[in-house]
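There are 2 protein chains.
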Amino acid sequence: MSAGKHLAKGSPRPALPDDGVPRLYSMRFCPYAQRAHLTLNAKKVPHHIIYINLTEKPEWLVDYSPLLKVPALHLVGERNQPALIESLIIVEYLDEKYPENPLLPKDPLQRAQDKILVERFGAVTSNFMKIIVHNAEPDELWTAFDIFEEELGKRGSAYFSGSKPGFVDYMIWPWFERLPVIKFVLEDRYNFDVKRFAKLNAWIELMLKDEWVKSFYVTPEQHVEFWRTRKAGNANYDMLA
Amino acid sequence: MSAGKHLAKGSPRPALPDDGVPRLYSMRFCPYAQRAHLTLNAKKVPHHIIYINLTEKPEWLVDYSPLLKVPALHLVGERNQPALIESLIIVEYLDEKYPENPLLPKDPLQRAQDKILVERFGAVTSNFMKIIVHNAEPDELWTAFDIFEEELGKRGSAYFSGSKPGFVDYMIWPWFERLPVIKFVLEDRYNFDVKRFAKLNAWIELMLKDEWVKSFYVTPEQHVEFWRTRKAGNANYDMLA
Numbered sequence: 001m002s003a004g005k006h007l008a009k010g011s012p013r014p015a016l017p018d019d020g021v022p023r024l025y026s027m028r029f030c031p032y033a034q035r036a037h038l039t040l041n042a043k044k045v046p047h048h049i050i051y052i053n054l055t056e057k058p059e060w061l062v063d064y065s066p067l068l069k070v071p072a073l074h075l076v077g078e079r080n081q082p083a084l085i086e087s088l089i090i091v092e093y094l095d096e097k098y099p100e101n102p103l104l105p106k107d108p109l110q111r112a113q114d115k116i117l118v119e120r121f122g123a124v125t126s127n128f129m130k131i132i133v134h135n136a137e138p139d140e141l142w143t144a145f146d147i148f149e150e151e152l153g154k155r156g157s158a159y160f161s162g163s164k165p166g167f168v169d170y171m172i173w174p175w176f177e178r179l180p181v182i183k184f185v186l187e188d189r190y191n192f193d194v195k196r197f198a199k200l201n202a203w204i205e206l207m208l209k210d211e212w213v214k215s216f217y218v219t220p221e222q223h224v225e226f227w228r229t230r231k232a233g234n235a236n237y238d239m240l241a
Numbered sequence: 001m002s003a004g005k006h007l008a009k010g011s012p013r014p015a016l017p018d019d020g021v022p023r024l025y026s027m028r029f030c031p032y033a034q035r036a037h038l039t040l041n042a043k044k045v046p047h048h049i050i051y052i053n054l055t056e057k058p059e060w061l062v063d064y065s066p067l068l069k070v071p072a073l074h075l076v077g078e079r080n081q082p083a084l085i086e087s088l089i090i091v092e093y094l095d096e097k098y099p100e101n102p103l104l105p106k107d108p109l110q111r112a113q114d115k116i117l118v119e120r121f122g123a124v125t126s127n128f129m130k131i132i133v134h135n136a137e138p139d140e141l142w143t144a145f146d147i148f149e150e151e152l153g154k155r156g157s158a159y160f161s162g163s164k165p166g167f168v169d170y171m172i173w174p175w176f177e178r179l180p181v182i183k184f185v186l187e188d189r190y191n192f193d194v195k196r197f198a199k200l201n202a203w204i205e206l207m208l209k210d211e212w213v214k215s216f217y218v219t220p221e222q223h224v225e226f227w228r229t230r231k232a233g234n235a236n237y238d239m240l241a
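Here the protein sequences come in this chain order: A and B. For the first sequence, full-length UniProt numbering assigns the number 1 to the initial residue and increments by one for each residue that follows. For the second sequence, full-length UniProt numbering assigns the number 1 to the initial residue and increments by one for each residue that follows.
Keep in mind that a hint or two might mislead.
The list makes no distinction among identical chains, and a pair is therefore deemed to hold if it is satisfied within one copy or across any two copies.
[To be verified] Calculated cross-link-like contacts (lysine to any residue; reagent style SDA-like; alpha-carbon spacing at most 25 angstroms):
| hint | residue 1 | residue 2 |
| --- | --- | --- |
| 1 | K69 | F192 |
| 2 | K154 | K231 |
| 3 | K164 | T229 |
| 4 | K69 | T125 |
| 5 | K69 | E140 |
| 6 | K5 | P17 |
| 7 | K106 | T143 |
| 8 | K195 | H47 |
| 9 | K5 | A202 |
Derived by calculation from the structure, the hints in this document are not laboratory data.
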């Protein structure tokens, strides 16, 4: 595993050992990239990390990510060295390829239900953006949270995946880690209701203690600080480098 | 298998035999629902079809499709009778559950590459809407087609899935079946280039002869007529019923 500063326009391609180990193109504060990091770490898949400055992207990024997005996973050990994109596709690939610590259930119906739940999390991510970018009211965000509060009740387990975190838990976690940014933006309007979201709140506390969440964790203060610099037009990508 | 007219607001729930057979909530002209039909037919999965009037939706649709979209697959033979949504999740579920005629490759990398290709087809579907709804120029649609023309070349096979149609072929087909609507809307501006898209054009001709494509086919004239009635605000859902 490696890391370093975020590479920008004009940066040469990083020199990495010719070891056949997958290379993850990422950005330290990107919630979608975080899904890939959590999966790689939870499944103990050796990998290299190449951080990308998303404001001024390096010219060679297009070779690994045609839409210039992160995460992208460059499989240098495979024939023709293909690169994968789309966080959920990358995560499913890793889960199918590496048997250690399976994240998705094996049963087709349960797999489908977990994928639908993550798909419905789109209501959370879109309302996150509405609040952060357009200073919207949080009501619709809480309505989206209701789905997940209710689901934890239906499943009757501490985690969405049962007695330990799995696919749903890790795929939705990055946005819960960033709730402090919502709180910062909304100020007095932040009214997360611990009674309404009792199960989700307990789940957040448990997730904060998870080994793999901790392996790629950013503190509330750091998330807020990154958001502030990004909003001001000078995103401080290397704040933690 | 059954079918019938599209059920609207006020319609009672359809009376279906208590046979444990999955029920597909669909709309005859919906390209996303068509993905589920093609998969059910190609894999010979017995099922009932319940067509939904998407302009005036029946009150009970929410019980099977929380976002009121089609397709939804109601698994009445499973415990708690869950319903699945999202066309690609439904198709993957069917492919994992029913071994006959596998559509996705078994190899994790090939699976991921097929899923990425279908994800990138979003550039086609969004440009379709821009032309149909906003009367946009077709240039970006053809640029999106380039990806698929190039991919057929790279794969070196008649179909995206090899010597017979598979996941990618059936997932993208519904929009190619609707190209005549684009032609109708664009009139003189329609400039599909048979040389530029030689491989795609040959693939279209092959797909038109496929047993399962034919099992749920709508003619160019019918697609155009449905689009005309829909655009005029009185979508003729039951045109083929």
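Now the hints, each set against the structure:
| no. | hint | verdict |
| --- | --- | --- |
| 1 | K69 to F192 | neither (31 angstroms within a copy, 30 angstroms between copies) |
| 2 | K154 to K231 | neither (39 angstroms within a copy, 42 angstroms between copies) |
| 3 | K164 to T229 | neither (35 angstroms within a copy, 52 angstroms between copies) |
| 4 | K69 to T125 | both (17 angstroms within a copy, 20 angstroms between copies) |
| 5 | K69 to E140 | between (27 angstroms within a copy, 20 angstroms between copies) |
| 6 | K5 to P17 | within (18 angstroms within a copy, 63 angstroms between copies) |
| 7 | K106 to T143 | neither (30 angstroms within a copy, 38 angstroms between copies) |
| 8 | K195 to H47 | neither (41 angstroms within a copy, 43 angstroms between copies) |
| 9 | K5 to A202 | neither (35 angstroms within a copy, 48 angstroms between copies) |
Hints 1, 2, 3, 7, 8 and 9 from the earlier list are contradicted by this structure; the remaining hints agree with it.
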